[in-house]
Each structure stands twice: as C-alpha cells, then as structure tokens.
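> Residues per chain are reported as follows:
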Amino acid sequence: MKKILLGTLLALAPLGADTIVIQNATVMTEGPKGIFKGSVVVRDGKIADIGEKVMVPAGATIIEAGGQYLIPGIIDCHSHIAGSGSINEGSVSVSSMVNIKDIINPDDIAIYRALAGGVTTANILHGSANSIGGQTLPLKMRWGKSAQELIFAGATPGIKFALGENPKRSGNPQGGRGATGAIQLGRYPATRMGVEDVIREAFNDAKAYKADWDAYDAKVAKGEHPIPPRTDLKLQALREVLEGKRYVHVHCYRADEILMMIRAADDNGFKVRTFQHVLEGYKVAKEIAEHGAGASTFSDWWAYKIEAIDAIPFNAALMAKKGIVVSLNSDDAELMRHLNTEAGKAMKYGGMSETEALAMVTINPAKQLGIDKTVGSIEVGKDADLVLYDGFPLSDFAKVQKVWIDGTQYFDRDKEIAAQAAKDAEKQQLLDKEKSAQRSQAARRPNQ
Amino acid sequence: MKKLLLLSFLCCCAYALAEAPSTVAIHNAKIVTVSGPVIAKGTVILKNGLIEAVGENVAVPAGAWVVDGEGMTVYPGLIDGLSTVGMPGAAPAAAAGGGRGGRGATTAQTAAPAAAQAAPAERSWGPEDRPQTTSWLLAADELQASDRRVETVRGSGITTAVTFPTRGIFAGQGSIIDLVSDVKPAEMVLVPAAGQYISLGAGRGFGGGGGGGFPSSLMGIIAYIRQLYLDANHYKLVKDAYAKDPRGMQRPEYDRALEGLLASQRILLPANQLIEIDRMLRFGAELKTIAPVEQHMILYGARQAYRPEAVELLKKANVPVLLSLRWPTPPARTADADDSSETLRALIERDKAPSAPAVLQKAGVKFALYSDGTDAPRDFQRAVKKAIDEGLSRDEALRALTLSPAEIYGISDRVGSIEKGKIANLVVTKGEIFDNSTQVVMVFVDGKKYTPEAPAMGGRGGPATDDPGAGGNR
Chain B
1 MKKILLGTLL
11 ALAPLGADTI
21 VIQNATVMTE
31 GPKGIFKGSV
41 VVRDGKIADI
51 GEKVMVPAGA
61 TIIEAGGQYL
71 IPGIIDCHSH
81 IAGSGSINEG
91 SVSVSSMVNI
101 KDIINPDDIA
111 IYRALAGGVT
121 TANILHGSAN
131 SIGGQTLPLK
141 MRWGKSAQEL
151 IFAGATPGIK
161 FALGENPKRS
171 GNPQGGRGAT
181 GAIQLGRYPA
191 TRMGVEDVIR
201 EAFNDAKAYK
211 ADWDAYDAKV
221 AKGEHPIPPR
231 TDLKLQALRE
241 VLEGKRYVHV
251 HCYRADEILM
261 MIRAADDNGF
271 KVRTFQHVLE
281 GYKVAKEIAE
291 HGAGASTFSD
301 WWAYKIEAID
311 AIPFNAALMA
321 KKGIVVSLNS
331 DDAELMRHLN
341 TEAGKAMKYG
351 GMSETEALAM
361 VTINPAKQLG
371 IDKTVGSIEV
381 GKDADLVLYD
391 GFPLSDFAKV
401 QKVWIDGTQY
411 FDRDKEIAAQ
421 AAKDAEKQQL
431 LDKEKSAQRS
441 QAARRPNQ
Chain F
1 MKKLLLLSFL
11 CCCAYALAEA
21 PSTVAIHNAK
31 IVTVSGPVIA
41 KGTVILKNGL
51 IEAVGENVAV
61 PAGAWVVDGE
71 GMTVYPGLID
81 GLSTVGMPGA
91 APAAAAGGGR
101 GGRGATTAQT
111 AAPAAAQAAP
121 AERSWGPEDR
131 PQTTSWLLAA
141 DELQASDRRV
151 ETVRGSGITT
161 AVTFPTRGIF
171 AGQGSIIDLV
181 SDVKPAEMVL
191 VPAAGQYISL
201 GAGRGFGGGG
211 GGGFPSSLMG
221 IIAYIRQLYL
231 DANHYKLVKD
241 AYAKDPRGMQ
251 RPEYDRALEG
261 LLASQRILLP
271 ANQLIEIDRM
281 LRFGAELKTI
291 APVEQHMILY
301 GARQAYRPEA
311 VELLKKANVP
321 VLLSLRWPTP
331 PARTADADDS
341 SETLRALIER
351 DKAPSAPAVL
361 QKAGVKFALY
371 SDGTDAPRDF
381 QRAVKKAIDE
391 GLSRDEALRA
401 LTLSPAEIYG
411 ISDRVGSIEK
421 GKIANLVVTK
431 GEIFDNSTQV
441 VMVFVDGKKY
451 TPEAPAMGGR
461 GGPATDDPGA
471 GGNR
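Chains B and F, in that order, are what the protein sequence lines are.
Counting from 1, one number per residue, gives the positions in the first sequence under this note's numbering.
Counting from 1, one number per residue, gives the positions in the second sequence under this note's numbering.
Source of the hints: derived by calculation from the structure; they are not laboratory data.
For every residue, glycine included, the Cβ atom is placed at its ideal position computed from N, Cα and C.
Any given hint might turn out to be false.
Each pair of labels, with its calculated beta carbon distance range [to be verified]: (1) F:Gly-248 x B:Ala-208: 43 to 51 Å; (2) F:Pro-21 x B:Lys-435: 26 to 34 Å; (3) B:Arg-200 x F:Asp-338: 35 to 43 Å; (4) B:Asp-424 x F:Ala-332: 17 to 25 Å; (5) B:Ala-208 x F:Ala-243: 24 to 32 Å; (6) F:Ser-341 x B:Thr-355: 41 to 49 Å; (7) F:Glu-259 x B:Tyr-304: 23 to 31 Å; (8) F:Gln-144 x B:Lys-415: 54 to 62 Å; (9) F:Asn-318 x B:Gly-34: 36 to 44 Å; (10) B:Ile-109 x F:Val-293: 39 to 47 Å; (11) F:Arg-394 x B:Gly-154: 31 to 39 Å; (12) F:Ala-332 x B:Gln-428: 15 to 23 Å; (13) B:Ala-208 x F:Glu-259: 24 to 32 Å.
Required output: the full structure, derived from the provided sequences and hints.
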C-alpha cells in the first residue's frame with residue numbers, strides 16, 4: 001500500500017528544472033528564426049540556445065526528438081478554468097470589486113487537461129454577466145503547484161467587460177430563474193443602450209474617485225496629513241484602467257457594439273486591450289486596428305445565439321490582414337485541449353501560412369496579454385515553455401508528448417499512461433476498504 | 001407548537017435535575033488533570049462552583065457531599081470550540097462541510113442572517129448594503145437556555161461551548177458558555193464576545209442566485225469581506241479624528257456592521273480543502289494588515305489538514321485550527337453500486353481525514369476538535385475514537401477538547417484542566433473517556449451535578465437529536 005502511494009506521488013511530481021537539450025526536432029519557433037530542424041537548450045528555466053547545431057552542456061538531459069515537432073507553449077487568451085465557485089458575480093452590473101486572483105483553484109483537473117493539450121499559459125477571465133465584470137489575470141498551467149505559484153509573474157492584470165445579450169440579460173429582462181433555480185430580481189440594464197450607460201457612468205465615478213485620490217496624494221506630497229478618501233475596490237480597479245495599469249478585455253459580438261465600446265473608451269481616455277469573441281470583427285477591422293486593440297476570436301464557433309449569427313470562419317484571417325493582432329481562444333475547458341487544431345483551421349479558412357496560424361495560439365495572444373517579452377516564441381532568453389508533438393502540430397493526428405513550463409516538465413504522455421494502472425489500483429483498494437467498513441457497520445446495526 | 005415546546009421542556013427537567021450543594025468531594029478517583037500528571041487515586045473538592053482543591057491527600061471537608069470515586073475517572077469538562085448549542089433556530093451543524101473536491105464552497109451555510117429572519121432581506125446591490133451581515137450580534141444576547149441540545153451535548157461530557165450565530169457572511173460573535181440548565185441565559189456566559197464567525201457559503205451561480213443580490217459568488221464574498229475591512233479601517237480613522245476635534249467636521253455616520261467588526265478580537269475563517277487553507281491563511285494575513293484593531297485568526301473545518309502541504313502552511317502561519325469531528329462519509333451503497341463516478345481524490349480524502357488530528361499533533365500545530373453538530377453522545381464518542389484509531393494519542397485527544405480550545409480562546413486560566421481555583425467543570429466516567437464501552441456517570445458544570453441519561457445498550461444510543469446531516473445544507 002505505502003509503496004503504491006509513494007510510486008504515484010513520484011509519478012505526479014513535476015521533474016525539477018535542470019539543463020535539457022531537446023535535439024533533432026522540427027522547431028517551429030514563431031520567432032525570428034522561423035522553422036528549423038535542430039536543438040533547443042534549456043537552462044535555469046530559460047531557453048539558453050537554439051540552432052541546427054548547439055553546444056551540449058555537460059550533464060544535460062538529452063531528449064531525442066527525431067521526427068517530432070517542438071513549439072512554444074500554447075497561450076489561451078480566454079479561459080474560465082482554475083477557479084473556485086462561480087466565475088460570474090452576476091448580481092450587479094459593475095462587479096469590478098471581485099478578483100479571479102482570490103479564487104484560483106490549482107486543483108482543477110482542467111489545468112492538467114489543458115496542459116496535456118499543449119497549453120502553458122491561460123488568461124483566466126471573469127464571466128460575461130456584467131457590463132463591467134471582475135478583475136482577471138493570466139496563469140501558467142503549473143499543475144501541482146499552489147495557487148500563488150500559478151500566477152504569471154509580472155503580467156499586467158486585466159478586467160472583463162461585456163456587451164450585448166449577456167449583460168442585458170436577454171430572455172430574462174424582468175428577472176427570472178438563475179442558474180441555481182433561485183428567483184432573481186430584475187437588474188439594470190436591459191438594453192444595449194443601458195450597457196453603454198453603465199460603462200460610461202462607471203467611468204464618471206472612477207474619474208471622480210481618481211481625482212479625490214490624486215488630490216490626497218498631492219497633499220501628502222506637500223507634507224500634509226489629510227484623512228485619505230475611502231478605498232472603493234470597485235472604483236479602484238477602474239482607476240487602474242484609467243492609469244493604464246490594467247488591461248480591458250471586452251466580450252462582444254456585433255459590429256455596432258464594438259464601435260460603441262471604442263467610442264466610450266476614447267471618450268474616457270483608456271484603451272481596449274482585446275476584443276473577445278468579436279465575431280463581427282471582420283466588419284469593423286479597420287476601426288479596431290486604429291484603436292490599437294487586439295482581437296481574440298473562435299475559429300469556427302457561432303450561431304449559438306442571435307447576436308452570434310453573422311459570423312464567418314474567415315474572421316480571424318480578415319482581421320489579421322487589416323493589421324490586428326489576432327488570437328484564437330477556447331472559452332471552454334474542452335476546446336482548450338486542442339487549440340492547435342483550432343489554429344489549423346485558420347489555414348483552411350483565409351489561407352494563412354502554418355506559421356501565421358500557429359502564431360494565433362502562441363506569440364499573438366502573448367502580445368495581447370503583454371507577456372511577449374517572456375513567452376510566446378522559442379527565442380534565447382525567453383521562458384522555456386515548450387510543447388513536443390509527435391507530428392505536425394496543427395494536425396488532428398498530432399499528440400502532445402511532453403510539456404515544459406520554465407524548463408520544468410509538467411506533462412509526459414508515456415509516464416501518464418504508465419501511471420494509470422497504479423492509480424486504478426489505489427482507487428480500487430480504497431473502494432474495497434470503504435465497502436468492507438460499510439458492510440461491518442451494517443452488520444453491527446441490524447436495525448438500520 | 002407551544003404545547004410541544006413546553007412538553008419537551010418539562011421532559012428535560014425531569015432528568016436534568018441539577019443538584020448543587022455548596023461543597024462536593026469526589027473521593028478515591030483517578031484524576032486526569034490534563035495540565036499536570038495523572039493522579040492515580042485522589043480527591044477533588046468543589047466549592048461554590050470552583051475547584052477548591054485537588055490532590056492525592058486532600059482532606060474531605062466537613063459537610064461536603066461525598067462522591068465515592070472508586071473505579072471512576074475524573075476529567076476536566078470538555079470544551080466544544082465551535083458550536084451552535086443554545087442558539088435559536090440553529091441547525092445542529094455549524095457546518096464547515098460541503099467540500100466536494102476543490103470547487104465546492106467552503107461552508108455550506110446558505111441561510112439569511114438572523115436579523116433578516118423577521119423581515120425579508122432587501123436585495124443587496126453592493127458592499128454598501130452590508131449584505132448578510134450581522135457582525136454586531138453576540139451569541140450571549142440570543143441564548144436560549146431551554147435549548148434541549150444543552151442537555152444532549154452535556155451527555156458527551158461537554159461542559160463548555162463556544163457557541164456562534166452562523167447565518168450570513170459576518171454572522172456575529174460567538175460567546176463562551178457553560179452548559180448549565182435551569183438558569184437565566186446570562187448565568188451561562190463565561191465570555192460574551194469570543195470572536196466573529198465568517199462563512200463563505202452564501203450564494204452562487206451565473207445570475208446572482210440565492211435571490212439576495214450581491215454577493216453571489218465566492219469571489220464576491222471575498223471582495224465584500226475585504227471591502228468591509230477597508231471600510232472599518234477608514235471608519236475608525238474618521239471617527240477618531242472627529243472625536244479629537246469635531247468642530248468644522250461633518251459627523252461620521254454610525255455603522256453597526258463596522259462597529260461589530262471593530263469589536264471582534266478574533267475572526268474564524270472557514271477552510272477545508274488544502275487550497276482553501278492556503279487561500280484563507282493568505283486572506284487572513286491580508287485582513288490583518290487592513291484591520292485597524294488587533295485581531296487573532298482561527299481556521300475552522302480543516303478537513304484536509306492531513307496533507308503535508310497543509311501542515312507546512314499551518315505551521316508556518318502559526319494559526320490555531322478548529323478541526324471538525326464530522327468526518328466525511330461515503331455515500332450509501334447498494335451491493336451492485338456503480339463506482340465509476342467515484343474520484344480517487346474523494347476516496348483519499350475520506351480515508352485520510354480522520355488522521356488529520358494525529359498529523360497536526362505530530363507537527364506541533366495548535367488545534368482543537370469541535371463537534372460540528374455531532375450532538376449525540378454515541379456519535380461524538382465514535383468520532384473522537386476514530387481520530388484516536390488513526391494515531392492521535394489519547395492524551396492529545398483529551399487535550400484537544402479541553403486545554404487546547406481554552407488556550408485558543410484565552411480562557412485557560414479558568415477552564416480546561418483540573419486545577420485549584422478553576423471553574424468546577426468536570427466529567428466523571430467509568431472507563432477511559434472516548435472508549436466504546438465508556439459510560440459518562442456524571443457531569444459537573446459550575447459545580448452543579450448532572451447525571452446524563454445512560455446510553456441504551458446495543459441500539460443507537462444517546463438521546464435522539466435532529467439528524468445533523470439533515471440540516472438542509474448538503
């Protein structure tokens with residue numbers, strides 16, 4: 001029994017970061033070096049060297065990857081995994097006081113499954129129930145680590161906005177039954193006009209709040225000791241948006257609401273960092289590009305509601321051609337496991353090259369999240385977030401073999417499969433123990 | 001209904017009659033003092049509700065009632081560190097349950113705050129509405145001395161309970177009470193304000209389920225708690241400034257939710273899973289930096305405290321733990337039950353949870369056990385025995401229900417051990433406490449003697465109570 005347990009623990013524990021050389025792989029860097037056949041050297045969690053020929057450091061672990069493909073870790077710009085409880089604080093129209101950071105759940109099995117699908121970083125967003133939703137942040141899929149250890153260090157935090165049917169509660173204008181079956185009372189807004197109003201009013205408040213604090217800071221700087229204004233977590237997050245310290249990720253579908261959001265942002269002096277879903281983005285790609293926002297969309301997922309009707313699979317390619325940084329996201333724990341094939345679809349629809357397509361799940365989302373200095377491509381000095389596939393990675397037939405984050409291996413297909421038997425045995429042993437205890441208990445209490 | 005209440009009250013009196021002579025001597029008994037060595041054969045003298053003397057060679061004073069302790073063992077009265085006994089309308093479980101894997105909320109309480117029971121709660125539109133907050137409540141002010149659970153749990157040897165209001169996010173402060181019957185509630189109170197009970201179980205879902213508006217999610221609840229602390233900080237700042245010089249200054253608005261928080265010397269935060277223990281230790285440390293008053297943190301629940309990572313965290317944080325005696329149980333199974341939905345995680349948790357006390361003991365983490373609604377003496381005894389079977393020493397099991405909770409709540413100078421001058425709370429048993437065959441012969445609370453109903457042999461045993469599992473929160 002003890003031995004079985006110990007064995008399982010060892011198999012699950014990620015192997016420590018040390019010097020690794022992955023050799024003879026086809027390396028799709030998504031960086032300046034393009035695609036080449038050769039080696040990648042990993043040291044101290046970073047990519048130390050890449051090339052057709054590299055110096056193999058003494059004592060390095062050699063991974064022979066002949067016939068296999070190495071890509072940068074996949075980055076999902078829109079995910080809702082790894083949270084405890086609901087990812088929507090849907091009771092109010094502005095829920096910017098809540099923070100995904102408070103409810104990170106490192107035990108969520110979806111993390112491991114995403115990892116097994118080649119995802120190494122995910123932008124964990126609040127839901128879309130509110131015009132202005134909660135605070136968000138990117139995580140690395142360091143399975144087995146604690147909540148704090150999943151946080152992508154140094155990344156700019158975000159906030160979720162949402163437009164259209166979800167925040168205006170379509171089909172539910174007077175309240176009704178929520179997900180838990182409990183009656184909800186009506187909540188403003190019920191129209192797209194109202195969504196815009198909520199956003200503009202919130203920023204009016206945020207500007208007044210910022211002015212109060214700026215005045216306070218100025219007095220303190222002069223050596224005075226005034227009573228500080230009340231800290232309001234809701235407005236504090238919006239103040240950070242106004243100060244450019246927090247990225248705005250906007251859930252949207254229709255062209256008109258995208259233009260509305262751009263105007264509201266311009267009027268209030270902040271930038272939209274990414275439009276999410278953005279299924280009609282191809283209609284207003286020029287305006288999105290001018291605003292400087294990124295676009296994170298689905299490859300070919302639409303028509304699940306009225307506002308998601310007028311979509312085309314060429315959306316990603318068309319937006320990219322207008323100069324927008326485009327990524328493909330999952331919004332879903334299952335889809336998250338095969339973002340590589342989502343990228344592959346961009347080759348069919350819109351004629352993207354294989355590197356352009358792969359960029360949409362690696363370096364492009366990294367740019368959108370402002371983390372492209374450290375991840376998103378295989379370049380010397382970047383984090384060693386790497387995925388090894390047994391074949392061309394944009395194909396349905398490609399299987400993830402190994403995944404490293406910061407040079408530490410967190411997934412190994414062979415080891416995972418080999419460990420299954422021990423886990424099954426442990427489960428059976430515990431089940432048998434429980435059942436035998438239940439039987440003897442039943443025997444002791446014949447009346448029950 | 002009234003008749004029924006009256007009837008049960010009379011029934012209670014029938015066998016709960018307390019006898020209270022001014023001086024009692026328990027003579028020739030084995031005495032487990034907890035704070036000192038075991039006295040193989042000795043005497044305890046109780047006078048005017050206090051322990052007058054204890055030792056091997058203590059003379060029995062003239063006029064004392066003498067209990068022949070031959071073949072009996074005397075223990076300090078047990079202390080239940082988190083209870084709802086005596087609280088009106090409390091479900092038996094001060095639940096820290098609900099832990100199905102990592103996704104479940106920490107606590108399972110979904111009820112509205114006590115104050116909101118009379119009038120339906122207004123829908124809350126944000127932290128400013130102080131949702132699900134009755135932080136100003138004191139359990140002592142709500143006590144129902146006639147609660148028949150007082151007698152039920154006393155049958156387990158529990159003489160002292162830290163009883164809490166448990167409805168809402170900031171439910172109010174618990175009070176430490178002695179479980180005496182037939183007295184005014186005020187006479188039961190040892191300490192009126194023991195700490196603020198915080199729960200995270202309210203509301204969930206996409207649309208703000210629970211019907212009460214904000215907060216409807218775990219992250220909303222956490223944000224609300226943080227905001228209330230920030231507000232308390234600001235409130236005190238403004239209030240102090242106003243007290244110093246009110247002239248020319250608008251008076252701060254009175255806020256009872258903040259007053260209740262500022263009056264709390266301790267906060268109890270719920271955490272069962274490892275990730276919750278990690279989360280709450282961090283959150284508690286953060287709140288400590290915001291709180292404008294000195295406040296101690298206690299973690300309750302702690303089901304996964306058996307995990308090495310959890311022990312490390314608890315040890316490092318140096319935060320005391322109240323560990324629930326409500327061990328997770330497997331689902332009822334038929335012989336041909338389908339096990340495919342069972343997860344290895346849940347199986348491991350059910351297998352390991354009762355070893356948590358032993359693990360904490362070995363690591364030197366300060367902890368106490370609490371009943372968590374395990375009222376019936378037989379169930380309580382079995383729950384403690386389970387921890388002993390999983391490696392908790394008998395001495396530590398006893399300590400975790402006597403001196404340790406007393407220390408956690410800062411009352412070890414008056415209860416928790418058998419020492420001269422302490423309150424005369426004692427349990428007298430035949431056999432080692434927590435054993436299957438052990439019989440609690442008598443219980444002394446404030447020097448008053450109570451004789452519990454003898455558990456029926458063979459059957460379920462213990463006076464019937466509400467089924468803790470049927471508290472409507474699972």
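> If a hint holds in the structure, say so; if it does not, say that too.
Hint check:
1. F:Gly-248 x B:Ala-208: 43 to 51 Å: violated, 23 Å
2. F:Pro-21 x B:Lys-435: 26 to 34 Å: violated, 53 Å
3. B:Arg-200 x F:Asp-338: 35 to 43 Å: violated, 55 Å
4. B:Asp-424 x F:Ala-332: 17 to 25 Å: holds, 24 Å
5. B:Ala-208 x F:Ala-243: 24 to 32 Å: The hint (24 to 32 Å, Cβ to Cβ) holds, given that Ala-208 of chain B and Ala-243 of chain F are roughly 28 Å apart.
6. F:Ser-341 x B:Thr-355: 41 to 49 Å: Between Ser-341 of chain F and Thr-355 of chain B, where Cβ atoms are some 44 Å apart, the hint holds.
7. F:Glu-259 x B:Tyr-304: 23 to 31 Å: Given a distance of about 50 Å, which is not inside 23 to 31 Å, the answer is violated.
8. F:Gln-144 x B:Lys-415: 54 to 62 Å: The hinted range 54 to 62 Å holds for Gln-144 of chain F and Lys-415 of chain B, with Cβ atoms some 59 Å apart.
9. F:Asn-318 x B:Gly-34: 36 to 44 Å: Because 54 Å falls outside the window, the suggested range is violated.
10. B:Ile-109 x F:Val-293: 39 to 47 Å: Distance hint for Ile-109 of chain B, Val-293 of chain F holds at roughly 41 Å.
11. F:Arg-394 x B:Gly-154: 31 to 39 Å: violated, 52 Å
12. F:Ala-332 x B:Gln-428: 15 to 23 Å: Holds, at about 20 Å.
13. B:Ala-208 x F:Glu-259: 24 to 32 Å: holds, 28 Å
Taken one by one, the earlier hints fail for this structure at numbers 1, 2, 3, 7, 9, 11, listed in ascending order.
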